[in-house]
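Q: Sequence:
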Amino acid sequence: MCNRVAGHSRILMKDNILEKITEAVGFIRTKSALSVHSGIILGSGLGDLVEGMGVEAEVDYAEIPHFPISTIPGHSGKLMLGTWNEKNFAVMQGRVHYYEGYSSQQITFPVRVIKALGAKEIFLTNASGGLNPDFKSGDLMIVEDHINLNIDHPLRGKNEESLGPRFPDQHQVYDKSLISKGLEVAAKKNITCHSGVYVGVTGPAYETPAEYRYLRMIGGDAVGMSTVHEAIVANHCGMRIFCISVITNEGNAKASFIVSHEGVIDAAQAAGRNMALIIKELV
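In this text, residue positions in the sequence shown follow the working numbering: the first is 154, and each later residue adds one.
Do not take every clue at face value.
Per label pair, the in silico range of CB-to-CB distance [claimed, not checked]:
#, residue 1, residue 2, range
1, D322, E364, 44 to 54 Å
2, K289, K341, 19 to 29 Å
3, E364, S315, 32 to 42 Å
4, S315, G291, 40 to 50 Å
5, G291, E314, 14 to 24 Å
6, P362, G205, 36 to 46 Å
7, H306, K342, 32 to 42 Å
8, A340, R182, 36 to 46 Å
9, T361, G207, 15 to 25 Å
10, S188, Y252, 32 to 42 Å
11, H190, E211, 15 to 25 Å
12, R426, H190, 30 to 40 Å
13, K240, Y367, 33 to 43 Å
14, K433, E364, 31 to 41 Å
Cut-off 20 Å, straight-line C-alpha distance, at most; resulting in silico cross-link-like pairs (SDA-like, lysine to any residue) [unchecked claim]:
#, residue 1, residue 2
15, K341, A210
16, K329, S256
17, K240, D287
No lab work stands behind these hints: they were computed from the structure. On a predicted model such as this, the values are computed, not experimentally measured, just so you know. Yeah, the Cβ is synthetic: ideal placement off N, Cα and C, and Gly gets one too.
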């Protein structure tokens, strides 16, 4: 009985989120002591968004203790620390997804690490399918709210009060001032950019026509397989959040289409420059 209890204690200690964060940050600090102000997570096909960044350190996810490893084409799986537009950033070139087999706690662990590196705000990017019939492929959408339809929740389980409250409020997950300024920047630069509600789903299959109709009926303007878990955790730990999507396909009743991952990446890369212009102005 004592051995079983002792073994259980070791498992709990090994799974302690604070210890994991400390180990990951400690390793990253052996590569760079840069004081980070902001984080960026780059979605499918958007790995080159911060082109021109002055990189001080570049680390493969596989090297960082407890970091999940991206297995999807279009996600290079590197953490970069450096300076972009005169501000210090931690940039994830590619994210990991729940559908890859990780838990919601694992896929949001990098957000915790970015926060622990000093980031006070985080910029989330993604590729998404348009639900709003006014949205066209190649348009951008700044996320003003989300609907979480994922089957798991990243805050499920024991809460670590030093990271955030047990029951975080979500009335204003996405920073209103950043949303307003982002739309102003897009208008000034003649970039087609909407604001709307992002629906987060588990994936990895793309939606059926009936599912697209349903997601639109419940208030969605765009749908994707990422981001929502990250936003929940970033909000939990008190970060300012800005999220912007590239509409890579038109999932609405008027559109006739076949969706492929290759097509999503191509559309995201084509719109990446406009997204970069907006984020650069914000930072």
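Q: Against the earlier hints, flag every one the structure doesn't satisfy and list their numbers going up.
A: Result: hints 1, 5, 9, 12, 15, 16, 17 break, sorted rising.
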